[in-house]
Amino acid sequence: MKQKLFFITLIVMFALSGISHYAGFGAIIEFIFSAIAILFVAGFLGKATESVAHYAGQRLGGFLNATFGNAAELIIAIFLVREGLFDMVKASLTGAIIGNLLLVLGLSVLLGGLKFKEQRFNIQLAGHNASLMILAVIGLFIPAIFVTSEHFTKQQDEFLSLTVAGILIVAYILWLVFSMITHKDVLAEMEETSADHGEEPAWSKRTSIIFLVVATAMTALVSEWLVGTLHTFTTDFGLSELFVGAFVIAIVGNAAEHSAAVMLAMKNKIGAAVEIAVGSSLQIALFVAPVLIFISAFSGNTMDILFTPIELAAIGVSVFIAKSISRDGTTNWYEGALLLMVYIILGIAFYLV
Amino acid sequence: MKQKLFFITLIVMFALSGISHYAGFGAIIEFIFSAIAILFVAGFLGKATESVAHYAGQRLGGFLNATFGNAAELIIAIFLVREGLFDMVKASLTGAIIGNLLLVLGLSVLLGGLKFKEQRFNIQLAGHNASLMILAVIGLFIPAIFVTSEHFTKQQDEFLSLTVAGILIVAYILWLVFSMITHKDVLAEMEETSADHGEEPAWSKRTSIIFLVVATAMTALVSEWLVGTLHTFTTDFGLSELFVGAFVIAIVGNAAEHSAAVMLAMKNKIGAAVEIAVGSSLQIALFVAPVLIFISAFSGNTMDILFTPIELAAIGVSVFIAKSISRDGTTNWYEGALLLMVYIILGIAFYLV
Amino acid sequence: MKQKLFFITLIVMFALSGISHYAGFGAIIEFIFSAIAILFVAGFLGKATESVAHYAGQRLGGFLNATFGNAAELIIAIFLVREGLFDMVKASLTGAIIGNLLLVLGLSVLLGGLKFKEQRFNIQLAGHNASLMILAVIGLFIPAIFVTSEHFTKQQDEFLSLTVAGILIVAYILWLVFSMITHKDVLAEMEETSADHGEEPAWSKRTSIIFLVVATAMTALVSEWLVGTLHTFTTDFGLSELFVGAFVIAIVGNAAEHSAAVMLAMKNKIGAAVEIAVGSSLQIALFVAPVLIFISAFSGNTMDILFTPIELAAIGVSVFIAKSISRDGTTNWYEGALLLMVYIILGIAFYLV
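Here the protein sequences come in this chain order: C, P and R.
The first sequence begins at 1 in the UniProt record's numbering and counts up by one.
The second sequence begins at 1 in the UniProt record's numbering and counts up by one.
The third sequence begins at 1 in the UniProt record's numbering and counts up by one.
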């Protein structure tokens with residue numbers, strides 16, 4: 001029943017955004033429709049990926065889930081790269097990272113904490129993720145510090161960006177080897193698997209594959225329409241690229257995961273919610289961001305890995321407070337409120353830029 | 001006996017600073033007398049607040065203690081704001097934070113550690129406070145980073161300052177709700193209440209209230225005299241506003257708490273000493289600082305929340321080392337020495353500015 | 001047998017570098033020979049120090065080991081100071097710190113982790129070292145932040161540098177008092193002494209002392225030759241002083257310790273390997289660096305303590321990730337790989353400068 005409603009809304013919103021695009025309803029209406037449509041196609045894509053992953057067997061499935069969990073964001077970003085909107089790409093990556101660590105984690109911890117006095121999760125797993133997150137932050141900070149303080153040439157800058165991107169991808173692949181091959185059993189013991197993973201998928205193997213193809217195509221189309229409206233939308237409302245990328249794009253692209261994490265937290269599975277939020281940030285920083293740099297390089301106009309000082313500050317601050325709050329393995333509503341307050345402060349600051 | 005001596009010294013020093021003010025003894029003598037007098041009136045105000053809090057019942061009393069524990073500093077700062085000495089206000093807030101985290105905590109841990117080989121306290125409570133302290137640091141850093149790297153206008157700057165100040169106060173109020181209502185029992189279990197709280201107050205309810213009014217009035221007067229001398233004092237001795245604010249004002253305004261924390265540490269109640277030092281820093285950052293911004297805004301000349309890079313560095317460094325040292329829940333003399341050495345390094349650097 | 005081979009190689013390499021120096025074989029050949037020779041004389045000096053320390057009794061021996069464990073680096077740096085190559089001195093100190101925290105620790109953890117699924121060590125000891133390391137980082141950061149943001153004069157700069165250097169040495173001496181006198185027993189319980197310390201030394205007391213004198217003399221000579229070639233080597237290969245100091249000098253000067261730590265990790269003594277890597281970094285930051293500043297001051301041309309932003313970033317980043325990885329007291333191959341990837345990123349960035 002619920003699924004039927006989802007599909008109807010998905011199709012209606014997809015159609016509306018398609019019509020507004022081809023009939024030329026104007027950028028604002030097109031923006032609104034395609035922003036809503038992307039919520040649903042991204043959710044559909046996520047479900048289809050999970051379902052295919054289920055049939056692919058544990059190892060390959062785990063890899064699919066881990067790597068294409070942020071497929072919607074990747075597709076949107078590819079269209080932004082194609083348009084040369086590099087600042088907005090980086091802003092949307094920043095927004096995805098801080099959105100996961102502050103908004104998703106904050107809402108999960110706050111709402112979970114209002115229902116349960118204290119929620120617990122495995123600290124060791126959080127520790128592993130924290131070290132990876134720090135590598136990601138270092139990978140993003142080092143080029144910015146070197147390039148700005150040493151006045152690198154464009155060639156040096158590109159070389160450093162590509163090398164760092166390469167190393168981040170290697171780190172990501174090694175992490176998959178570590179967590180799915182050499183230390184699978186150690187991590188499995190710790191993990192508080194989210195309910196979904198255990199459940200039988202709703203679709204047959206064949207349907208899942210067809211749905212995955214369809215969902216990818218729909219995401220690509222809506223992403224293209226959405227990206228096409230951004231220039232007008234941004235200028236009409238006097239918003240900076242930074243704000244639109246970091247708060248608008250990042251939120252619509254991530255909404256499906258957001259609601260999943262909050263649901264889990266309210267079922268007292270805060271560990272699974274933390275895994276989604278932190279895991280998704282890691283994927284963005286260690287996989288999506290470097291892949292985009294390589295994609296831009298292959299298309300002849302290399303996007304560098306230099307985030308702005310305020311983007312770096314936002315990412316650094318988010319990692320730092322998320323680490324501090326998750327260190328002790330217990331959460332309560334106040335910690336969720338703290339995360340959200342940091343998110344609001346950053347939102348206002350980005351808005352003013 | 002001891003109390004009698006305290007009152008005599010209090011009255012004598014208060015009188016001397018009053019006389020030197022009205023008789024025009026010159027700024028240097030007036031500065032010296034009123035600086036000594038403020039030590040005593042601040043101590044008196046602290047005692048009176050505690051005593052009134054005792055009679056007010058647990059909840060309201062806890063709130064009074066938590067909120068007016070730094071009343072002396074707030075009063076001094078209000079006079080600095082009235083004089084438009086914004087740089088000195090921020091320096092004195094910085095000085096109060098680093099003074100608590102490095103000088104008070106350092107002396108307590110060092111002297112306690114010279115008497116007891118190892119002192120222990122509850123880690124979980126320290127963890128809660130650390131997360132709050134990080135929010136405070138973020139609240140102070142974000143505006144500085146955004147405003148300097150994005151060249152905000154004065155309007156944007158004021159708007160951001162007021163918003164962040166508002167969020168910090170909300171965080172503070174939510175913390176009171178968390179610690180005094182929803183999670184009172186959880187925290188109470190952890191807390192190692194300082195001796196004072198348990199003791200019967202020396203004064204009757206009526207005397208306590210009268211004393212609170214008198215102490216507030218005395219603090220306000222001496223603060224005004226002290227602030228009036230600062231310009232001459234600073235220029236005569238060739239000291240920077242930064243140094244006088246961060247080291248002179250901050251130390252005289254906090255002396256009462258300093259001695260209380262050290263006493264507790266030497267009675268092997270290091271947990272209570274840590275609570276005083278960290279709690280007082282939190283109050284400064286999450287309550288006193290934002291309140292001053294609102295006071296300045298209401299009086300028509302808004303003080304922004306932009307601390308200088310070296311003030312931010314000093315605060316960041318203090319929080320970081322205090323966190324690192326208190327992480328494991330045990331302290332020894334060497335850790336106290338480390339905190340004091342960081343304080344000395346900062347003191348010399350501020351002196352040279 | 002193995003020892004005989006070591007001595008033969010030592011003498012041959014020493015002779016070759018001497019001959020290439022006095023016969024004027026050209027800077028490149030001299031550089032290569034003396035760089036290889038320094039690996040062996042530094043190893044010889046380390047062995048001789050350990051052996052003398054063994055005969056000196058526990059306390060004095062511990063002090064000798066702790067203080068002259070980095071004698072080779074100190075000697076090389078003294079020659080760099082004499083030549084006025086201050087930038088290279090600081091780069092080599094930076095390189096020694098990050099080399100220990102990332103390369104040595106990374107290789108130890110990676111290779112140990114490939115052999116053993118999980119290796120464990122005492123967390124409390126790591127915590128003590130972390131606090132000291134943070135003091136060191138603060139000592140190096142504060143002057144840089146103050147001097148750059150406040151435009152200090154050369155006099156102020158020198159005064160601050162010397163004072164901070166003095167405080168770091170005091171911190172180091174107090175640490176020796178703490179770890180060898182007041183809290184010796186507490187730390188001894190935690191320490192996982194490396195195999196070497198327990199073994200009988202191979203040489204008699206008299207031979208050890210003679211060897212120590214000979215090794216010091218050889219180290220001094222080869223250091224002088226090596227330093228003499230650096231200018232030509234650097235310009236011929238178009239390398240920056242920063243890269244040569246931080247990666248070439250630091251690696252050849254530290255090779256002996258590197259191999260010792262890796263050996264221990266592969267014998268599942270990861271705690272001892274961590275001690276060597278972190279202890280050696282601490283010695284560099286708290287003893288070697290400040291001593292060099294005083295040496296330069298006595299020789300009339302004071303080297304300041306101002307590291308460049310990228311050196312500070314490299315040190316800060318290394319301390320941060322090493323702390324994060326060693327926090328939980330267990331290591332695995334992936335954590336080693338992370339440390340090495342950070343080292344590679346820094347290496348590439350320094351190379352591009």
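The hints are simulated quantities; they were obtained by calculation from the structure and are not laboratory data.
Please note that a few of the clues may not be correct.
Repeated chains share a single entry, so a pair holds when one copy, or any two copies, can fit it.
List time: in silico DMTMM-like cross-link candidates among lysine to aspartate or glutamate, alpha-carbon distance up to 25 Å [as the list claims (entries may be wrong)]:
hint	residue 1	residue 2
1	Lys115	Glu83
2	Lys115	Asp328
3	Lys2	Glu118
4	Lys267	Asp157
5	Lys117	Asp87
6	Lys2	Glu224
7	Lys205	Asp236
8	Lys115	Glu150
9	Lys267	Glu118
10	Lys115	Asp157
11	Lys2	Asp185
12	Lys184	Glu118
13	Lys117	Glu224
14	Lys115	Asp185
15	Lys4	Asp328
16	Lys117	Glu150
17	Lys184	Glu83
18	Lys184	Glu158
19	Lys184	Glu150
20	Lys117	Asp185
21	Lys205	Glu224
22	Lys184	Asp328
23	Lys154	Asp328
Practice task
Go through the copies and call it for Lys115 and Glu150: within, between, both or neither, with a Cα cutoff of 25 Å.
Solution key: neither (52 Å within a copy, 41 Å between copies)
Handout entry: Alpha-carbon proximity between Lys184 and Asp328, which holds within one copy, between copies, both or neither at 25 Å
Key = Both. Shortest intra-copy (24 Å) and inter-copy (19 Å) distances satisfy the 25 Å Cα cut-off.
Exercise for the section: State whether the alpha carbon distance between Lys117 and Glu150 is at most 25 Å within one copy, between copies, both, or neither. Expected result: neither (51 Å within a copy, 41 Å between copies)
Exercise for the section: Check Lys2 against Glu118 for me: Cα-Cα at most 25 Å, and say if that holds within a copy, between copies, both or neither. Expected result: neither (31 Å within a copy, 46 Å between copies)
Practice task
Classify it for me, Lys115 with Asp157: is the Cα-Cα distance of at most 25 Å met within a copy, between copies, both or neither?
Solution key: For Lys115 and Asp157, neither the intra-copy (49 Å) nor the inter-copy (38 Å) Cα distance is at most 25 Å.
Exercise for the section: Measure nothing new, just compare the shortest in-copy and cross-copy C-alpha distances for Lys267 and Asp157 to 25 Å and report within, between, both or neither. Expected result: Answer is neither; intra-copy 47 Å and inter-copy 42 Å both fail.
Practice task
Check Lys4 against Asp328 for me: Cα-Cα at most 25 Å, and say if that holds within a copy, between copies, both or neither.
Solution key: Neither: 42 Å inside a copy, 47 Å across copies.
Practice task
Can you give me the call for Lys115 and Asp185, within, between, both or neither, at a CA distance of at most 25 Å?
Solution key: Close across copies (17 Å), not inside one copy (32 Å); limit 25 Å.
Exercise for the section: Could you place Lys184 and Glu118 in one of the four classes (within, between, both, neither) given a Cα distance threshold of 25 Å? Expected result: So Lys184 and Glu118 pass the 25 Å test across copies only (13 Å; inside, 29 Å).
Exercise for the section: Using 25 Å as the alpha carbon limit, work out where Lys2 and Glu224 are close: within a copy, between copies, both or neither. Expected result: neither (28 Å within a copy, 68 Å between copies)
Practice task
Evaluate Lys184 and Glu83 at a C-alpha cut-off of 25 Å and name the case that applies: within, between, both or neither.
Solution key: Neither: 41 Å inside a chain and 54 Å across chains, both beyond 25 Å.
Exercise for the section: Tell me, please, which holds for Lys117 and Asp185 at an alpha-carbon limit of 25 Å: within, between, both or neither? Expected result: between (31 Å within a copy, 11 Å between copies)
Hints 1, 3, 4, 5, 6, 7, 8, 10, 11, 13, 15, 16, 17, 18, 19, 21, 23 from the earlier list are contradicted by this structure; the remaining hints agree with it.
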